[in-house]
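Engineer: These are the residues of each chain, in order.
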Amino acid sequence: MTMISCKAITKSYTKGVNTITPLENLSLEVPRGDFLALMGPSGSGKTTLLNLISGIDTPTSGILEIDGEDIARFSRRQLTQWRARKVGYIFQLYHLIPVLTAFENVELPLLITSLSRAERRRKAEAALDIVGLSDRSHHTPGELSGGQEQRVAIARAIVADPALLVADEPTGDLDRESATHILGLLGSLAREHGKTIVMVTHDARAAASADRTLHLEKGKLLTMDPNLTTV
Amino acid sequence: MTALLSLAFKQLVRHPLRTLLTVLGVGSGMFLFTSVETLQRSLASVTEETAADTTLVVYRENRFCPMASQLPEHYAEEIRDIPNVREVIPIKIIVNNCGASLDVITFRGVPGELLTKFAPEIEIIEGGDSEWKKRSDAALLGEQFAKRRGLKPGDKFDAVGITVYVAGIIRSPFPQDNNVAYVHLDFLQQASRTGLGIVTQFNVRVDKSSDLKPVAEAIDSQFKSDQQPTNTRPEKAFFAETAGQLIELIGLTRWLGLGAVLAVIALVANSILLMVRSRVKENAVLRTLGYPAKAIMFLVLSEGGMLGLAGGIVGAGLAWGFLRWQSFTMGSEGHTLAILPEVSTALFAIAGALVLGILASIHPAFVAIRQPIVKSLRS
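Listed in order, the protein sequences are those of chains A and B.
Take 1 as the starting number for the first sequence in the working numbering and just add one per residue.
Take 232 as the starting number for the second sequence in the working numbering and just add one per residue.
A portion of the hints provided could be inaccurate.
To be clear about the criterion: a stretch of chain A counts as covered by chain B if any three or more of its residues have a C-beta under 8 Å from a C-beta of chain B, and this derived list gives those stretches [claimed, not checked]:
1) 97-109
2) 193-203
Partial selection, computed: residues in chain A whose CB lies under 10 Å from chain B [said to hold, decoys possible]:
3) THR47
4) THR48
5) ARG73
6) ARG76
7) ARG83
8) VAL87
9) GLY88
10) ILE112
11) ALA160
Going by beta-carbon spacing under 7 Å, a handful of chain B positions derived as facing chain A [said to hold, decoys possible]:
12) ALA471
13) VAL516
14) ALA526
15) MET528
16) VAL598
17) GLN602
18) ILE604
In short, the hints are calculated from the structure, not lab data.
Fair warning: this is a prediction, and the values are worked out from it, not measured in the lab.
Where is the CB? At the ideal position from N, CA and C, for every residue including glycine.
The following block holds chain B by itself, in its conformation from the complex (with noise of 0.2 Å):
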């Protein structure tokens, strides 16, 4: 099997152009397939709730934007106080884009004493947080935002009319959490001259999941006669919710992904079938020569799953290193969605060109064997 492996590989060798045009093509389809598989997976990872889930995002009931929802800050001391609530962190939000956006600027405005308790998960990687507690235009960065506008601690940068200073550059292990700039709760109020006093939101941690539902429950009922009643939602529900069209555009991508598929299909089952027949006569000769029609077979699918191989390699590989160079965020109605390929969403897609390579190569291979040697001798 290995010579035959071994033979399969030089042919395609010492095809050079034929290969490379293949590679190519598949290559070009396997970059689209994993620029949405990437696509869906990010967005499976920021909507669909786990039982480890036990975050709610208390916002201003009837709203999606947030310009739009605005909540007293003294909500937090309320909520504070009903059963199974482990803590409560009022957020400003600001982004200078609330409609879809391929680059979304997020100032997250948090009480500096509590960013750590309620995001425990972040890492300061570069700076540190002395400048963070002492100043009060410091901003902590997440890696992504920062690396995109090439930015570092002692930076002074201006967005949405906002100026800050960069304290440090943070690291959180959820993909959208590095895609945003974390600043001070009331120097963000002030600065966005919606004043003292008033936030976007409330991020709850509760004390287990099963928590979620009444603990939301309890919370709208506690400011349903309020002024500003509040809808409150796990994290990842409110996502899938106020990034509606977000989402409807990246479900319309599953049909390019579908597309790509398809393409990849047709372009290598056309390659190897015009390889089988400009070989008529040299797959004659092996039969010939007493090569089964099992290792003639074998030799096509090689030479197919070889292909697939090959172009999923490049594609793959160059559209996980594109899209970590350009770490794209979408972003609608204020909520970002960090575009970050994971090695499993390419390793999966090499191993579909692989796959759909040899299956591209079964019909070239059936006609490759069924023509009678003598016959295809003469051909």
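Isolated chain A (complex conformation) (with noise of 0.2 Å):
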């Protein structure tokens, strides 16, 4: 079953009088369940389509359905509301508040919910206990080792159940060991917990843990996996 299906997507802004379009006419469709990473040289648009699929950014022209919704045609309302349903995304620099601890911080989505104060600590507590956390959950980040904050957003990111996640270089600032660590927690996130993962990477050993990868330059699709539909 399709998680996410591009057709056409085009992105293309104004800076000063040139017209930059960092994704032109690319099409792919990614199977629910998937572990997909995307590689390609800086500029090569990547983190653009990492954007567009997360909902954090709009195309300028085609179709982007996520989990059968066509998000192209949400309104800036509906996107926020979607994404908070939706996708979990996870940064490479981790972006935790500092002043909150672990546990606050993997609390933030639930926050906006309705949930109960207890239903919050719940699954906030399940989202660490996860990521093998459970232990810190009243550090701060600045107590916390780079590997220890990844996890700390990947439990973010998940707290709220979304079928989606997205992580852009969620390994790029992280020791080898911890890198392993967190792309063996995205692998079981996808195997375990059927979660559909866009990784962009620059990392071929980090693309290697993915199901599959997707090469992009200059806003187009250059090469991909076999396996991977494409349209």
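Fit chain to chain and form the complex, with the hints in mind.
Structural biologist: As structure tokens, this is what we get:
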């Protein structure tokens, strides 16, 4: 079953007098539960594609269906509500709120839901348990290692139980050991929890841990894993 | 909403230095605002006439200082005969300073037997009226007057060349009465060397508020051709007229209050704007997590409101405590104005600070949601 369907997606914007088109007429389909790696040089459009798929940016043209909904047609408000329900975003630099504890950071996406305090606590503790950081729940980001911070960020991404996880170079700022741990965690989220994961990376070893890899260059699909469905 | 308020609160308490500095700044502004508001309200309470007012003050025409107003005491009998006059009390006033001053000592000489009749609202809270009746040099001190000078029943004190014995401490619902010393009229007349039979003014109680004007006209008409013509006005109008300099001075403080309000707005707006700019990425992350624009705005406005509220509580609370503790009395031309803060003034200042904090955060709140998420994440 298709989770992500991009049909002739183009993204362009104006910078000064120039029109820049980081993505041009790109089409692809990603089945549900896939762990997909996006690779390519800087400026190839992989982060732009990730931002479109996660709903924090909108395509200039084309159809972008996620889980059967054409999010390209969504208003800003609809897109915000959709992100809260459907997407978990993992940043390269974790982007945890420094004054909040690990638990409070993980709880953040739940504060805008109608869940009770007890339910929020249960879900946040469960997410921290999945990433193996239950014993660090009261530590602030400054008291955690880079790898632990990224695990907290992953817990924050999965706490609302979204079907789709997007990760922008999640191991880019980590040492090899921590990176291996994070990639293993993402793999298990896809395999054991049925999450569809789209990960941008520069690292071939990180990409190797994904089910499939897509290469982009100058906003176009360059090569792809033969198993990946294309339109 | 509670969860978001809790998040905003955590952001404030976990940035203690920034929060402390902003709260101190807001607190300073609200201290000034509360003090000015207290002055204004104290002044309003003694100058704004109400339907319940039934007191007239008879003063020597064209005189403004108690030293200069000298009226024959026997006028009292003639005034008492005027229709609708309920009570007349001759009063001799001696002050240590006729000009504008922050610490005025006022002696009010009244016939001992008439004091409780004239001002039944007065309550003796320490000592008793037996000493008052027994001793010619006895004084009943207003509560604030005694507190400021550390006096208690049985003490003797000397001011303006007059030595009195403290017979009791009184409390009145009218703040200005809590800042004077009541003594026997004949004692004060002799002690002040103006001699017996001369008083500063007559306070006249009429039956009802509508009697004020006709009775005042009748009194002035009665003594128009006398050696000492009179000028009779309602008590509050009298204060407003004779303490004109004081009122002008207090009127000027309105600008200080306005300045304090503007300073609070600028301070909170600056603090919140700096906070929003330093948290561009944090807000972008929240929006990525699905926080709607209104939730981000609510967080920013909440932080501004909480800063205002905390500053308001600190500033208004300190001002209230300080003014209560100091119990200042402003005086001019022998009239005293007790600067006593009311709880409602402090609450008004706190509520005002909360509103100012929220208002000051509106622009920063829009700044927080205006920038596109992708651009904010890259900044």
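Engineer: Check, residue by residue, whether the stretch 193-203 of chain A contains three or more positions whose beta-carbon lies closer than 8 Å to a beta-carbon of chain B, and give the verdict.
Structural biologist: violated (count 0)
Engineer: Does the CB of B:VAL516 sit less than 7 Å away from some CB of chain A?
Structural biologist: holds, 5 Å
Engineer: A closest beta-carbon separation below 7 Å is what the hint needs, so does B:GLN602 meet it against chain A?
Structural biologist: violated, 12 Å
Engineer: Can we keep the B:ILE604 interface hint, with Cβ of chain A closer than 7 Å?
Structural biologist: It holds, given that the least Cβ distance between B:ILE604 and chain A is near 4 Å, below 7 Å.
Engineer: The hint names A:ALA160 as touching chain B; please verify it with the least Cβ-Cβ distance against 10 Å.
Structural biologist: holds, 8 Å
Engineer: Take the stretch 97-109 of chain A, compare each residue's beta carbon with every beta carbon of chain B, and decide whether three or more fall closer than 8 Å.
Structural biologist: holds (count 6)
Engineer: Mind checking the CB of A:ARG83 against every CB in chain B and telling me if the closest is under 10 Å?
Structural biologist: holds, 4 Å
Engineer: Hint check: is the beta carbon of B:MET528 less than 7 Å from a beta carbon of chain A?
Structural biologist: Interface hint status for B:MET528: violated (13 Å vs cutoff 7 Å).
Engineer: Does the closest beta carbon of chain B sit nearer than 10 Å to the beta carbon of A:THR48?
Structural biologist: holds, 8 Å
Engineer: Should the interface hint for A:ARG73 be scored as holding, given a Cβ-Cβ cut-off of 10 Å against chain B?
Structural biologist: With Cβ-Cβ at 18 Å, over 10 Å, it is violated.
Engineer: Quick check on the hint: B:VAL598 CB to chain A CB, less than 7 Å?
Structural biologist: violated, 17 Å
Engineer: Does the nearest C-beta of chain B fall within a distance shorter than 10 Å of the C-beta of A:THR47?
Structural biologist: A:THR47 check passes; min Cβ-Cβ to chain B is 9 Å, inside 10 Å.
The structure shown violates the earlier hints numbered 2, 5, 12, 15, 16, 17.
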